[in-house]
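Asker: Here is how the chains run, residue by residue.
2 protein chains.
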Amino acid sequence: MKSKALVLLSGGQDSTTCLYWAMNKFEHVMALSIDYGQRHHIELESAKKIAHIAKVNHEIFATSIFTDIGDSALVGNGDISASHKSSKDLPSSFVPGRNILFLTVAGALAYKKGITNIVTGTCQTDFSGYHDCRDNTIKSLQVTLSLGLGKDIIIHTPLMWLTKKETVDLAISLPGCGEALAYSHTCYEGQRPPCGKCPACKLREKGFKEAGVEDPLLRLK
Amino acid sequence: MKSKALVLLSGGQDSTTCLYWAMNKFEHVMALSIDYGQRHHIELESAKKIAHIAKVNHEIFATSIFTDIGDSALVGNGDISASHKSSKDLPSSFVPGRNILFLTVAGALAYKKGITNIVTGTCQTDFSGYHDCRDNTIKSLQVTLSLGLGKDIIIHTPLMWLTKKETVDLAISLPGCGEALAYSHTCYEGQRPPCGKCPACKLREKGFKEAGVEDPLLRLK
Numbered sequence: 002m003k004s005k006a007l008v009l010l011s012g013g014q015d016s017t018t019c020l021y022w023a024m025n026k027f028e029h030v031m032a033l034s035i036d037y038g039q040r041h042h043i044e045l046e047s048a049k050k051i052a053h054i055a056k057v058n059h060e061i062f063a064t065s066i067f068t069d070i071g072d073s074a075l076v077g078n079g080d081i082s083a084s085h086k087s088s089k090d091l092p093s094s095f096v097p098g099r100n101i102l103f104l105t106v107a108g109a110l111a112y113k114k115g116i117t118n119i120v121t122g123t124c125q126t127d128f129s130g131y132h133d134c135r136d137n138t139i140k141s142l143q144v145t146l147s148l149g150l151g152k153d154i155i156i157h158t159p160l161m162w163l164t165k166k167e168t169v170d171l172a173i174s175l176p177g178c179g180e181a182l183a184y185s186h187t188c189y190e191g192q193r194p195p196c197g198k199c200p201a202c203k204l205r206e207k208g209f210k211e212a213g214v215e216d217p218l219l220r221l222k
Numbered sequence: 002m003k004s005k006a007l008v009l010l011s012g013g014q015d016s017t018t019c020l021y022w023a024m025n026k027f028e029h030v031m032a033l034s035i036d037y038g039q040r041h042h043i044e045l046e047s048a049k050k051i052a053h054i055a056k057v058n059h060e061i062f063a064t065s066i067f068t069d070i071g072d073s074a075l076v077g078n079g080d081i082s083a084s085h086k087s088s089k090d091l092p093s094s095f096v097p098g099r100n101i102l103f104l105t106v107a108g109a110l111a112y113k114k115g116i117t118n119i120v121t122g123t124c125q126t127d128f129s130g131y132h133d134c135r136d137n138t139i140k141s142l143q144v145t146l147s148l149g150l151g152k153d154i155i156i157h158t159p160l161m162w163l164t165k166k167e168t169v170d171l172a173i174s175l176p177g178c179g180e181a182l183a184y185s186h187t188c189y190e191g192q193r194p195p196c197g198k199c200p201a202c203k204l205r206e207k208g209f210k211e212a213g214v215e216d217p218l219l220r221l222k
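Protein sequence lines correspond, in order, to chains C and Y. Start counting the first sequence at 2; every next residue gets the next number (the working numbering). Start counting the second sequence at 2; every next residue gets the next number (the working numbering).
Derived from the structure by calculation, the hints contain no laboratory data. Do not take every clue at face value.
When chains are identical, the list treats them as one kind, so a pair holds in a single copy or across two.
[Unchecked claim] When the alpha-carbon atoms are kept at most 30 Å apart in a straight line, the in silico DSSO-like pairs for lysine-lysine are as follows: (1) 152 / 140; (2) 56 / 198; (3) 5 / 140; (4) 152 / 207; (5) 5 / 198.
Isolated chain C, as found in the complex (with noise of 0.2 Å):
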């Protein structure tokens, strides 16, 4: 297929896999790493490296407005002010419809750069209290942005409905991704070589010992 995409990378194991899924359809592929205040600054380290690995130009554009959403609603303000807290399940800190945001700046970008292709790793399979990465919002938000811009965008989620196993299974099956995998990051604690024990570590290493696979990332232990 002789076109463009743009893949939102974040320097994980899901975008990383993502990003070798648009190099191998795609004839041209460029990165866009959104910098927003991550708790771990070693999530874009990765994006970098991995971008860098795979050459592909690499946008990283940053914007505080998570950390000034997130400063009004503790703020009391008067009558407007209250905190909500929608569900039980999702930290105060939390602010909804983050990749919404990313989708529509990915959606800008594209536009500007004449691509129709938008890449997420956005999976409903491990959904837990995330709406924006449903299915039923992208698909959504893919009618928006295709409306608002007067052009029609492809939001393209190819893990949408895939279990880690079969993400891993994807990834290796990928010329060059297993090579990136060792620089993606996962570990919640923003450790490197990963910590094997908060709940994103255990998740990577459920997925690639089903899949049969050592994680190229511990080879760097």
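Position chain Y relative to chain C; hints supplied.
Answerer: Using the frame of chain C, we list chain Y on its own:
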């Protein structure tokens, strides 16, 4: 109606009218402005002044993301660099999807504050290539945000089908709005008192003239 609303306030005539429309309709109202590197800083100063007069809480969030997108599109970087100019009517510095981005930020803030209603002055009547001001885009976005936030959000667009004359009629009917309009900013040239010659000044003048009302802004001259 006992409920809360968040108004996107640019500091212009339309969003000022929307602010007073919301104050007339909802029990609690707050305003949000986005500092995205407007050509003239006087717009944000107007927004501040108007929120102060209206006695509503006012948040200003800054983001450089539009500058980043614009710069990225202008910089050559390999095969993916070509700046895409889809319409001869829009300047190359134009970043599409701005309203989608603003409303998504508004949606996230509204969610955190327990607010269901968002009010914006977007208007299809003076549509001129900005697809994200169109009614279809806004209605699709309402669905996207409601899905993505996991909670119903209503985007109110009281000016969507009004002519400039009808917007003036509405503004004059809302208590206090006339006074506030004296501080609203419209002039493309960033002048105050307004230049009276640019397309924006001319359009505003036409609306007030057709409504048979003196523009409060001109009393300041």
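Asker: Next step is simple, just say for each hint if it's right about the structure.
Answerer: Consistency of the hints with the structure:
no. : hint      : in the structure
1   : 152 / 140 : both (15 Å within a copy, 17 Å between copies)
2   : 56 / 198  : neither (32 Å within a copy, 51 Å between copies)
3   : 5 / 140   : both (20 Å within a copy, 29 Å between copies)
4   : 152 / 207 : neither (41 Å within a copy, 32 Å between copies)
5   : 5 / 198   : neither (39 Å within a copy, 43 Å between copies)
Hints 2, 4, 5 from the earlier list are contradicted by this structure; the remaining hints agree with it.
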